[in-house]
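Undergrad: Spelled out from the first residue to the last, the chains are:
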Amino acid sequence: MRLAQIDRILSLEKGEAITAVKGLALSEEYLKDHFPRFPVMPGVLMLESMFQAAMYLLRASDDFAHSMVVLKEARNFKFNGFVQPGDQLVVTAKIQSVKDGVYKIKTEGQIAGKPAVSGIMFLEQFNLADRGTGAAATDDHMISEFKKNYQRLFDQINNPVSTAVDG
Amino acid sequence: MRWFWIDRFTEFVSGKHAKAVKAVSLAEEAVDEYAPGATYLPASLLIEGTAQCGGLLVAQLSDFRNRTVLAKVGNVTFHQQAYPGSVVAFDVQITSVQPNGAFVSAQLTCNDKPLAELDLMFAFLTDDRFDDVTLFEPAALLRMCRLMRMFEVGKYEDGTPLKIPQYMLDAEKAELSV
Amino acid sequence: MPSNEEVFGKVQEALVDALGVEDDEVTPEATLVGDLGAESIDFLDIVFKLEKAFNITIPREELFPDDILATTTYIQDGKLNAEGLAKLKERMPFADLTKFESDPRVQDFGNLLTVQDLVNYVCTKVA
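Chains as they are written, first to last, in this note's numbering: chain A, 1 to 167; chain B, 1001 to 1178; chain C, 2001 to 2127.
Just chain A, same shape as in the assembly (with noise of 0.2 Å):
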């Protein structure tokens, strides 16, 4: 995934909450038109950032059961303060409830400990060949490599693979 918005999983309690880092670095290309003279992570990718969280939570909590997560709604996204290139966006994901396969996830991000910015938002997992719109094969593609992005994420030093993925 070439938008990752997320650097490290911190931890994981399944079908609870995730606790993730991005950082911001100066290198990221992007950053030279938003803006030219004040380098800053657009908003929205604060808002991928805690989606991406939100998606693996849920991916590990029903193991990688479904290929497609997908944003239904987002209510109330503030963003309250800048990231700027050096600072980290510590991010987590809570799941509030599910209702008819739709998942409620409250989302929050901090830099330095401090709220920058915090949303609501609604995702669905589903299968592609489930709704008719793609093959199985693809399904078990895309289940295979997001979870190897998601073995990658976790701090392989301290919490090597085999303890990252558990069954």
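It should be emphasised that the hints constitute simulated quantities derived from the structure, not laboratory data. Just so we're clear, the structure is a prediction, and the values are computed from it rather than from any experiment. Check each hint, because a few of them may be wrong.
[What the hints assert, rightly or not] Residues from chain A that keep clear of chain B, each with C-beta distances beyond 12 Å, as calculated:
1. D7
2. K14
3. E16
4. A17
5. V21
6. P85
7. T92
[Said to hold, decoys possible] Calculated pairs, DSSO-like style, for lysine-lysine (alpha carbon to alpha carbon, straight line, at most 30 Å):
8. A:K114 / A:K14
9. B:K1019 / C:K2052
10. A:K94 / A:K148
11. C:K2010 / A:K104
12. C:K2010 / A:K106
13. B:K1113 / C:K2052
14. B:K1016 / B:K1163
15. C:K2099 / C:K2089
16. B:K1173 / B:K1019
17. A:K99 / C:K2010
18. B:K1019 / A:K32
19. B:K1155 / C:K2052
20. B:K1016 / C:K2052
21. C:K2010 / B:K1016
22. B:K1019 / A:K72
23. C:K2052 / C:K2010
24. C:K2099 / C:K2087
25. A:K72 / C:K2052
26. B:K1163 / A:K32
27. A:K99 / B:K1113
28. A:K104 / A:K72
29. B:K1113 / B:K1019
30. A:K99 / A:K72
31. A:K104 / A:K114
32. A:K104 / B:K1113
33. A:K72 / B:K1113
34. A:K14 / A:K147
35. B:K1173 / A:K32
36. A:K104 / C:K2052
37. A:K114 / C:K2079
38. A:K72 / B:K1016
39. A:K106 / C:K2052
40. C:K2089 / C:K2052
Idealized CB from N, CA, C, for every residue including glycine.
Position chains B and C relative to chain A; hints supplied.
TA: Frame of chain A, contents of chains B and C only:
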């Protein structure tokens, strides 16, 4: 990766509404491997496209002097994903302009089918903290607006063509003499 | 002319929408900043939603008297003096300022406004 999430304005009525389009392509970095095997343009970047379309629409009201940033994503609903080979159409309306910020509503379609509805809030950086902050050089911003064809389609409510602020034209000229 | 209850209902809805809080958190005595977690970025949104809900115009300084709070002649040792307090009362007749009056620290003012103050304000505008 460039940070342009609309390709071109197709309509631009000062103070009222703007329409833009964006092609979704396999060749885009952000699309690449986002959902391996059946990839699509991330929803967050559709929000950004809307913010760019709406943000420029709002900023134009102050001749692009107000430093306009996305402050809040009020409510967004997505009905489907934008797959490569599609064209996303943005239709953005200004719903309110205040001294400190502005609000827009938008409807997105993908190949003419409903894709999303959004309500966004922008803030103008007026706080003392941002006194020394410039977002864009005027000439660079003008070039970006030209790139997006703003002044080819832009007009005022009375139908007269949208004017480029003189200070931006001067800045553009100044760069040439170097 | 809408009843106090109707106004409260719409104000509650606007605050739930703008702040992402639950209905039951929006009680009349709840302060916008302290209890409901409103930040400066939210005030813009709250004003917009109220204007839309009630079809009124809300000049910012009527709810957020920044100009009075920044006028040096009204302030002594970080607190509003008698003249400043009088100006404030004149500007905000809908607000219950008794608590603030007992210790009128300018920096505390932000936490003053309650949901009921907002409801009272809207009632004066729709009358």
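Undergrad: Are the hints correct? Go through all of them and say.
TA: Structure-based check of all given hints:
{"no.": "1", "hint": "D7", "in the structure": "holds (17 Å)"}
{"no.": "2", "hint": "K14", "in the structure": "holds (22 Å)"}
{"no.": "3", "hint": "E16", "in the structure": "holds (24 Å)"}
{"no.": "4", "hint": "A17", "in the structure": "holds (21 Å)"}
{"no.": "5", "hint": "V21", "in the structure": "holds (18 Å)"}
{"no.": "6", "hint": "P85", "in the structure": "holds (15 Å)"}
{"no.": "7", "hint": "T92", "in the structure": "holds (18 Å)"}
{"no.": "8", "hint": "A:K114 / A:K14", "in the structure": "holds (26 Å)"}
{"no.": "9", "hint": "B:K1019 / C:K2052", "in the structure": "holds (24 Å)"}
{"no.": "10", "hint": "A:K94 / A:K148", "in the structure": "holds (23 Å)"}
{"no.": "11", "hint": "C:K2010 / A:K104", "in the structure": "holds (25 Å)"}
{"no.": "12", "hint": "C:K2010 / A:K106", "in the structure": "holds (25 Å)"}
{"no.": "13", "hint": "B:K1113 / C:K2052", "in the structure": "holds (29 Å)"}
{"no.": "14", "hint": "B:K1016 / B:K1163", "in the structure": "holds (16 Å)"}
{"no.": "15", "hint": "C:K2099 / C:K2089", "in the structure": "holds (13 Å)"}
{"no.": "16", "hint": "B:K1173 / B:K1019", "in the structure": "holds (29 Å)"}
{"no.": "17", "hint": "A:K99 / C:K2010", "in the structure": "holds (27 Å)"}
{"no.": "18", "hint": "B:K1019 / A:K32", "in the structure": "holds (25 Å)"}
{"no.": "19", "hint": "B:K1155 / C:K2052", "in the structure": "holds (27 Å)"}
{"no.": "20", "hint": "B:K1016 / C:K2052", "in the structure": "holds (17 Å)"}
{"no.": "21", "hint": "C:K2010 / B:K1016", "in the structure": "holds (27 Å)"}
{"no.": "22", "hint": "B:K1019 / A:K72", "in the structure": "holds (23 Å)"}
{"no.": "23", "hint": "C:K2052 / C:K2010", "in the structure": "holds (10 Å)"}
{"no.": "24", "hint": "C:K2099 / C:K2087", "in the structure": "holds (16 Å)"}
{"no.": "25", "hint": "A:K72 / C:K2052", "in the structure": "holds (26 Å)"}
{"no.": "26", "hint": "B:K1163 / A:K32", "in the structure": "holds (27 Å)"}
{"no.": "27", "hint": "A:K99 / B:K1113", "in the structure": "holds (26 Å)"}
{"no.": "28", "hint": "A:K104 / A:K72", "in the structure": "holds (10 Å)"}
{"no.": "29", "hint": "B:K1113 / B:K1019", "in the structure": "holds (16 Å)"}
{"no.": "30", "hint": "A:K99 / A:K72", "in the structure": "holds (13 Å)"}
{"no.": "31", "hint": "A:K104 / A:K114", "in the structure": "holds (24 Å)"}
{"no.": "32", "hint": "A:K104 / B:K1113", "in the structure": "holds (26 Å)"}
{"no.": "33", "hint": "A:K72 / B:K1113", "in the structure": "holds (16 Å)"}
{"no.": "34", "hint": "A:K14 / A:K147", "in the structure": "holds (15 Å)"}
{"no.": "35", "hint": "B:K1173 / A:K32", "in the structure": "holds (22 Å)"}
{"no.": "36", "hint": "A:K104 / C:K2052", "in the structure": "holds (27 Å)"}
{"no.": "37", "hint": "A:K114 / C:K2079", "in the structure": "holds (28 Å)"}
{"no.": "38", "hint": "A:K72 / B:K1016", "in the structure": "holds (28 Å)"}
{"no.": "39", "hint": "A:K106 / C:K2052", "in the structure": "holds (27 Å)"}
{"no.": "40", "hint": "C:K2089 / C:K2052", "in the structure": "holds (26 Å)"}
The structure meets every hint from the earlier list without exception.
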